[in-house]
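Each chain, written out:
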Amino acid sequence: MTDSDPVDLLLQTARDEAGPEEFRVTGVMMQYYVVCKRELWFHSRHVEIDRGNAAVVRGTHVDETAYADKRKHVSIDGTIAIDVLDDGRVMEVKPSSSLVEPAKLQLLYYLWYLKHVVGVEKSGVLAHPTERKREGVELGEEESEQVEDAIRGVYNVVTSDSPPPATEKPVCESCAYHDFCWSC
Amino acid sequence: MDRNYHVFSDGRLERHNDTVRLVTLDDEKKFLPIEKAEAVYLHGQIDYNTRLVSFLNKHGVALHIFGWNDYYAGSVMPKRGQTSGTTLVEQVRAYDDLEHRVDLARKFVAGSIHNMRTNVSYYNTRGHDFESVLTTLEETRDRLEETTDVAETMGVEATARRAYYSTFDDILPTGFVFDGRRYNPPDNETNSLISFGNSLVYANIISAIRATALDPAVSYLHEPGERRYSLALDIADLFKPLLADRVIFRLLNRNQLTTDDFETDLNSCLLNERGRETFSKEFEESLEETVEHPQLNRKVSYQYLLRLEAYKLKKHLLTGEEYVPFKRWW
Chain L
12 MTDSDPVDLL LQTARDEAGP EEFRVTGVMM QYYVVCKREL WFHSRHVEID
62 RGNAAVVRGT HVDETAYADK RKHVSIDGTI AIDVLDDGRV MEVKPSSSLV
112 EPAKLQLLYY LWYLKHVVGV EKSGVLAHPT ERKREGVELG EEESEQVEDA
162 IRGVYNVVTS DSPPPATEKP VCESCAYHDF CWSC
Chain F
1090 MDRNYHVFSD GRLERHNDTV RLVTLDDEKK FLPIEKAEAV YLHGQIDYNT
1140 RLVSFLNKHG VALHIFGWND YYAGSVMPKR GQTSGTTLVE QVRAYDDLEH
1190 RVDLARKFVA GSIHNMRTNV SYYNTRGHDF ESVLTTLEET RDRLEETTDV
1240 AETMGVEATA RRAYYSTFDD ILPTGFVFDG RRYNPPDNET NSLISFGNSL
1290 VYANIISAIR ATALDPAVSY LHEPGERRYS LALDIADLFK PLLADRVIFR
1340 LLNRNQLTTD DFETDLNSCL LNERGRETFS KEFEESLEET VEHPQLNRKV
1390 SYQYLLRLEA YKLKKHLLTG EEYVPFKRWW
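Chains L and F are the protein sequences, given in the same order. Sequential numbering from 12 applies to the first sequence in this note's numbering. Sequential numbering from 1090 applies to the second sequence in this note's numbering.
Excised from the complex, chain F in its bound form (with noise of 0.2 Å):
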């Protein structure tokens, strides 16, 4: 599987000869190699060309841009190499069906609850009690099966991950507080970071799903909504413990990263450039990772787990076959 690439620093991205270049401020040139990229991710502030994009595209690199505050504003993707009509039919007829809807949705919650539920139960077999939200997330995961309509299973959704997110505050490290989910704009140093951590799953599922004919718009869990591509939601949601809130734990409990990596303002709390940097680093380590897949008996990358659950769910929409959504089984 081919790796992301993140340019932090403002400048120029442009085409050089067969290759990729950035040119920083300080006239400072750096490569990157285009035959191994995924996607390359911008957090600065970056000029760049159509020359530029036509090759991206040429490569089927797609260019994911992170804006002010450094909100996912948008992907310039590679023109698509396979379209299915029959795909999207398929999964519009999913939707439309709200038996089949709700049974998606809560397919994802299912899935979701499990990987917070290993998350936690790890930290409670180190030093911290947390039975009594061990027991709210089966309560949740039983409850789920009772649901009937997307809004009750989203209910039970958000009640599961309050739940899950009250552990944060015992898990953390003095001189981080979470004290409840918060964004737009992320309130406190905990919160930018479950943000940011949360939009390079995101950005990443995005890439997944484009690799296969599956529609970005047309959800399940997550309503389809203008402007934003909410299948990659729905899939996120699986892969936000696994992915996102690791990362999270271990860059703070390892002292990796401190107070001094973010910017306060007013009402808003966000990484600087360097505690970005740092994330992006070890998030993309933490998709290198590798894991025996008990199907395919080979090991496969974090990162291509999300390729499989697009695969999967494809899968399911053609076929009829069951679709079992992921939980991490190690």
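So that you can see chain L by itself, here it is in the shape it has in the complex (with noise of 0.2 Å):
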């Protein structure tokens, strides 16, 4: 644990100037930071997930296969995978727009990696093949300080010792971690 604002520590890791305690944010956990805090604690102890689920199989399928030829995979740091368009917009694939919110997040979170860590400005286009609609996504003021609390509230959350108490959602019937969570 440290007093030091979580948005600092995230960018001296990503510049390797962060001393013992390291913090990396994909952007599968600011997906699911809207999508479910508990979920996102199970991600951070490598909880492993149910490879056989129906919504996984077919999330993995739609990323693999739409735009396939108009798109170039770019890693960054080996924390956040970017898909680059050939007009150099970040684009961001989601199988269905129930997941607009925690898709519209992650892309603003790439956009403001790449403002500050990589020094590049780029905009963004979230893509949604299966209903054939996009949309422009920029990071503005407002946009960068929502990604800001978000970094801060992921922090909160992955360093709990304990993940906050299940709660019955609409998307947990399609959670990868469903069974885990609800056994009891």
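FYI, nobody ran anything at the bench for these hints, they're computed from the structure. One thing to keep in mind: the hints can contain errors.
Unchecked claim - No more than 35 Å apart at the CA atoms, straight line, and that leaves these computed lysine-lysine pairs for DSBU-like:
(1) F:1416 - L:180
(2) L:81 - F:1147
(3) F:1125 - L:180
Said to hold, decoys possible - Label pairs and their in silico Cβ distance ranges:
(4) L:181 - F:1269: 50 to 58 Å
(5) L:173 - F:1105: 48 to 56 Å
(6) F:1230 - L:142: 55 to 63 Å
(7) F:1134 - L:181: 49 to 57 Å
(8) L:144 - F:1384: 35 to 43 Å
As the list claims (entries may be wrong) - Counterexamples of contact, computed for chain F against chain L with all Cβ distances above 12 Å:
(9) 1156
(10) 1192
(11) 1342
We put the beta carbon where it would ideally sit given N, CA and C, even for glycine.
Build the complex: two chains, separate frames, hints provided.
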């Protein structure tokens, strides 16, 4: 535990300047932060997910196949993996529009990371291939603040000794941790 | 949930193109649908090679081997897809903390007593008088609360199981005596059935534990031992009444197994090949039975209950949320 701002800690870690406590946030952690903080905690403890879960199979498939010829996978610091379109915009692909909010925060986080760690400013596009929809995403001041608040929130969750208790949500049914979470 | 395949004949198990095939001594060929397999149980004398092991590994299928006299001899497990240092550290921490260890040991015993009681209570209302056994089981459950070390907890478990086993002679049909639990080797038909049933429960739990990153050798009620998966023994105690004993009662009371299905030697009595086949078939059907799960809000198979038990224990160790042992609720 540290008294410093998790945002600074994350930036120091990314620049290899962190002390003994490193703090990395991946795109998927941002998503989980919005969707379910308990899921985020399980993820942080490397609880294995159910690979046979239908939603996992579907998400992996959409991610691997959609717009495959128009985008390039780029991995940055081994922490975030972004897709860059031919026109230079960062794209995030989601299988359904029910997960727009988490996907949007994830994309904003990528843009924030590119700006603060790599030093490039980019625009984003949120794509739903199965619904043939696209939406432009920009990182303004308000969005930056939203990202930084989320980074602090992620930090609080993953550094807790125990996860927040289970609460029933519509997404529970398709969650890969469902049975682990609700077995009791 | 995928199913188990049992091989009783002698012969050779091999990879053939993209599937697994059994070639018996009289050159009969059988194919095992590998896509749907959870594990393969070998009861006969079987040859196999590394090509088969790699193929099973690729499909995540375990091989459980039963040797001479059908003792569980070992498993060839698929390479671990998941390992977790955090989980192992928490498992060992709980073991090392006496209070925590005794608490878990007590929970395994409390669950076992409950599940034994459910079986006794079932027969108590069907023409038997087991009131005194039920009373003993309740007393052991109360004594459990006061145990302060693992040996004492084990002692309570032994008392409860002895009382439970005392009902077997009444429940089983004429011709089958029990007269107390003996193994290494089992000395009569009933003991051989219990041994065989328990070893199947044990092997299925090894597969269930493997689906989590729990280490099967770190246990709480049973002392972690060399060369055995003692965590599977802890969990098996919870499930023996539901999975093994009910199958025994059913097969004997319906005359599906008779004394002809056993081979009796000087000091041992064991199921013969046909008997093992009958038992395994009934056992597998029992694993596929389903029950409505109150928290998951869907039907789950008895086999999946084993997986859930491993999840529950792991969740307890990682999160500190209470572990509630499996207690039959239906």
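Quick rundown of the hints versus the structure:
Restraint check for residue 1416 (chain F) and residue 180 (chain L): satisfied, since their Cα atoms lie roughly 27 Å apart, inside the 35 Å limit. For the proposed pair residue 81 (chain L) and residue 1147 (chain F), the alpha carbon gap of about 33 Å is at most 35 Å, so the pair holds. About 32 Å separates the Cα atoms of residue 1125 (chain F) and residue 180 (chain L), which keeps this hinted pair within 35 Å; it holds. The beta-carbon spacing between residue 181 (chain L) and residue 1269 (chain F), approximately 55 Å, falls within the hinted interval of 50 to 58 Å.
For the pair residue 173 (chain L) and residue 1105 (chain F), the supplied restraint of 48 to 56 Å holds, since their beta-carbon distance comes to about 50 Å. Between residue 1230 (chain F) and residue 142 (chain L), the C-beta spacing of about 57 Å keeps the proposed range 55 to 63 Å intact. Distance hint for residue 1134 (chain F) and residue 181 (chain L): a CB-CB separation of about 54 Å, consistent with the stated range 49 to 57 Å. Checked against the hint of 35 to 43 Å, the pair residue 144 (chain L) and residue 1384 (chain F) passes, with Cβ atoms roughly 36 Å apart.
For residue 1156 (chain F), the shortest C-beta to C-beta distance to chain L comes to about 32 Å, beyond the 12 Å cut-off, and the non-interface label holds. No beta-carbon of chain L comes within 12 Å of the beta-carbon of residue 1192 (chain F); the shortest separation is about 17 Å. No Cβ of chain L comes within 12 Å of the Cβ of residue 1342 (chain F); the nearest lies about 33 Å off, and the non-interface call holds.
Checked against the numbered hints given earlier, this structure breaks none of them.
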